[in-house]
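Participant: Given next are the chains, with one letter for each unit.
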Amino acid sequence: MGMQSQDIIRRSATNGFTPAPQARSHETEVAKLIDVSLCTGCKGCQVACSEWNDLRDEVGHNVGIYDNPADLTSETWTVIRFDEVEDESDKLEWLLRKEGCMHCEDPGCLKACPSPGAILQFANGIVDFQSDQCIGCGYCVAGCPFDIPRISKTDNRAYKCTLCADRVAVGQEPACVKTCPTGAISFGSKAEMKDLAADRVDELKGRGHNGAGLYDPPGVGGTHVMYVLTHADKPELYHRLPADPTISPVVRGWKECSNHSVHLVLSQLWPGPLPITWGLAPMRRTKHPIRSRSQTRRSRSPITGLQTKREMRDGY
Amino acid sequence: MDTDNRVLRTKFGDRLLHWTMVSCFFLVAMSGLSWFFPSLHWLGSVLGPPQLARILHPFLGVAVFVLLMCMFVRFVHHNMPVRTDAVWFRHVLDVLLNRHGQKLQIGKYNAGQKILFWGIMALISALFVTGVVIWRAYFAMYFPIPVIRLALLAHSAAALALILLVLGHIYMGLWVRGSITGMITGYVSRAWARQHHDRWYAEEVAPEDTTPVKPHS
Amino acid sequence: MQSEGVARLFSRKGLVDGPFPEHYEPTESPIMGGALGKTVRHNPVARMFPDDVSRMGKPEQFPYVATTYSVTELFRHWTKHSRLNAIMQPEQFVEIGDRLAGKLGIAAGDMVRVSSQRGYIEAKAVVTKRLKRLNVLGQELDQVGIPCHWGFKGATRKGFLANTLTPAMGDVNSQTPEFKAFLVNVEKV
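Protein chains in written order, with our numbering: chain A, 1 to 316; chain B, 1001 to 1217; chain C, 2001 to 2189.
Hint data in this document are derived by calculation from the structure and do not stem from the laboratory. As the structure is a computational prediction, the values presented were derived from the model and not from experiment. For each residue, glycine too, the CB sits at the ideal point set by N, CA and C. It is possible that part of the hints are untrue.
Stated by the list, open to error - Short, incomplete list of chain A residues facing chain C, as computed with Cβ under 10 Å: (1) Phe17; (2) Leu38; (3) Arg56; (4) Val63; (5) Val85.
Unchecked claim - Calculated cross-link-like contacts (lysine-lysine; reagent style DSS-like; alpha-carbon spacing at most 25 Å): (6) Lys2013(C) to Lys2058(C); (7) Lys2132(C) to Lys2158(C); (8) Lys194(A) to Lys153(A); (9) Lys1011(B) to Lys1114(B); (10) Lys2013(C) to Lys2103(C); (11) Lys2153(C) to Lys2058(C); (12) Lys2103(C) to Lys91(A); (13) Lys2180(C) to Lys2129(C); (14) Lys91(A) to Lys2188(C); (15) Lys2132(C) to Lys91(A); (16) Lys2124(C) to Lys2180(C); (17) Lys234(A) to Lys2129(C).
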C-alpha cells in the first residue's frame, strides 16, 4: 500500500470516533466507463485482468453459454455477459456487458464488513479489499447490491476487481482499459467520463437508440465503474443489472439500526460518556469536504481519456 | 460442612453440561460481539487471530446447540408451565423485593426461570438455524442472498437478545445468595430450598428425608 | 485487384471456372435442384475424386447444414495451448438454434453428437437465438455452428477434431477446403 494508506477515506468496521486518514484530500475521483455498444465480447479484458493481477482460474466447463468462466470467482474478477434479447418485433440483439465490481460511492460490502480495514475506500473512489485483513465471513457478499465478491475455496478470503488500484496509483489506466481493442472501455476522472458518456449517448440516440443513457446509479451514491447502455431504460436486460441498486434495507437495518438502538439503550443504562458507549457508536460516514468540488467539469484528454495522477492533481 | 442441612439440587452430569455450555457460549458470544461492534473487535481475540475466530465461532455455536439439546432433554420436565406459576407471577414484586413471606408454590424452577429456559431454547435454536444459513464455508452458497441478509439480521438480533437474557441469568444467580454455589457444588441448603422452591422441597426433597428438618432460621 | 490497379468484372484466364464468377451450391447441399434457377448444381470443373464423392452425405440422413468457424478466444489450434485462452473457452461446443434444439429436445449444456457421412464429434450444446431457422426455396433449413479449435492435446479440455466432419473438397480456383457448408445430423447424447 505505501502512500496509498493515506488515501483511504473510509475503512470497514471503523467507527466515526477513529476515522480513516484524511490528509491527502486533493485527489480526483476516477471512473471507468464501459460502452456496451462498442463491446464485441472478445474477452480481451478478462485475459488482461488475469495477466496483470496474476490470476489463473481453473480451465472450467462449457455450461451451454458463451460466458466463460461461467461466473465471477475468486480468480476471475471480470466476466463478459452475453444475453440474447428479442424485442416485440422479434428483432434480436446480442447484449454484452463486462461484469465486475462497480466501485460504489456508498459500498454495501464495506458497510457489511466486520473486519477493521479489510475493505477500504480510497479518495479516488476505488473500493479495495485488503485480503490479509479478510476473515472470510462473506458479509460483503450479502452487503453487495451487485453480487460481486467471491470467497475463495482455498484461502477463505473475498476477492473482486481492484480497479487496478496499483496501476491507477502510479498514473496508469486499469489493465482492461489498456487492452480493449475496440475502445469500449475508457478511464479518467469521473467528471471527464461523464462528459464522454454524454457525447456517446447523444451519438447513440442520433442513431435511433432512443433508450441510450449513462448507468451511474444514484441509489449507491453513483459508481466509479459506469456503463453507456443502449437500453439504459431497461438495464435488467444486461444480465440482470439492477435498475435501482441500493444497499438492502435489511443490511442497513442490521448494521445501522441495531447499532443505534443498542447504543441508545446502553447510554440510558450507563449515562455519561463511557468508553463502552463510544465503542458502540455507529459507523460515521467520513467524507472529504473537497469531494463535491472534484465534480467540476474539465476538458478530457483525447483517445484514452486518461490523465496521470499529476495532471489530476494539477487540474485544480 | 453441615451435610445434613444440604440437599442435592443439580447432579454432576447436569452441572458439567451447564458449565461446558457456559464456556462455549462465552467464546461464541465474545467473538460474535467483536464482529457486531467495531470497537469490541478485541473480544474476538479469545479465539485467536481473526481468521481462526471466524472458523471456530460456528463450530462452537454448534457445540452450544448440541449441549442445549442435551439440557432440553434433561430439564424440560421441570420447566413445563403449571397452574401454580400464576401464584409466582402475582407475587413477582415481592420476589424482586426479597420479601419471602408467603408460600408461592414454586416447583424445581420458578416461572421466571421457566421463561428463561424457553427463551434460551428459542433463541439458541434461532441462532443455530440462521447461523447455518450464513455459514459461508459450507452452507451459505445454497441460499439466495436476500435470505442470507435476513438471516444475518435475525442472527444478530437473536444474539443480542440472548446475551441480554444471559446477563439477567448471571445477575439473578449472583443476587440470589446460594444459587451459584448450588450450580458449582450441586448442593443447596434446606433453608434455600424451602424459601425459593417450596413446592419442590415439599414434594421431592422432604419425602426422601430420613433426618428431621431443622427449623428455618 | 489486378496489376492495372483496379478490379475486373471478369477474367479471361485467371479463373478455372471463368470468365464470369458464378454461384454454385456446396458439394453437400440440402438443395437438390440447381440454385438460383439454374440446372447445374455443383461446379462442373471441381476436382472430385471417386473416394471423396463416395463419402458425401445425403440430406435424408444428414438434414442440417453445418458451418465451422473460429471464436475470438482462440486462434486455430495454437492458442488452446495457452492457459489463459483455455480458461476463456475451455470446452468444445456446438451452436444450435433454439428452434432446432426445441425440436430435438436439447437444452443448453447438454452433450450432443454431430455426425456427417465422414465421422462424428461430441460436444456441449450452446442453444442460441442467433442461428435462425432459414427458409430456402420454400424449404425450412436449420444450421449448426461448429467452432473448430478442439482436437489434439492442449490446455483446454479434450475435444474432437471438427474436421472429422468436413468434406475433402476444394474451391476450384484456390483449393480452399469447403468447410463452411456441409451436411450433418444432430442427436442428443
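Participant: I'd like to know which numbered hints this structure contradicts. Please list them from smallest to largest.
Facilitator: Of the numbered hints given earlier, those the structure breaks are 1, 2, 6, 7, 8, 10, 11 and 14, listed in rising order.
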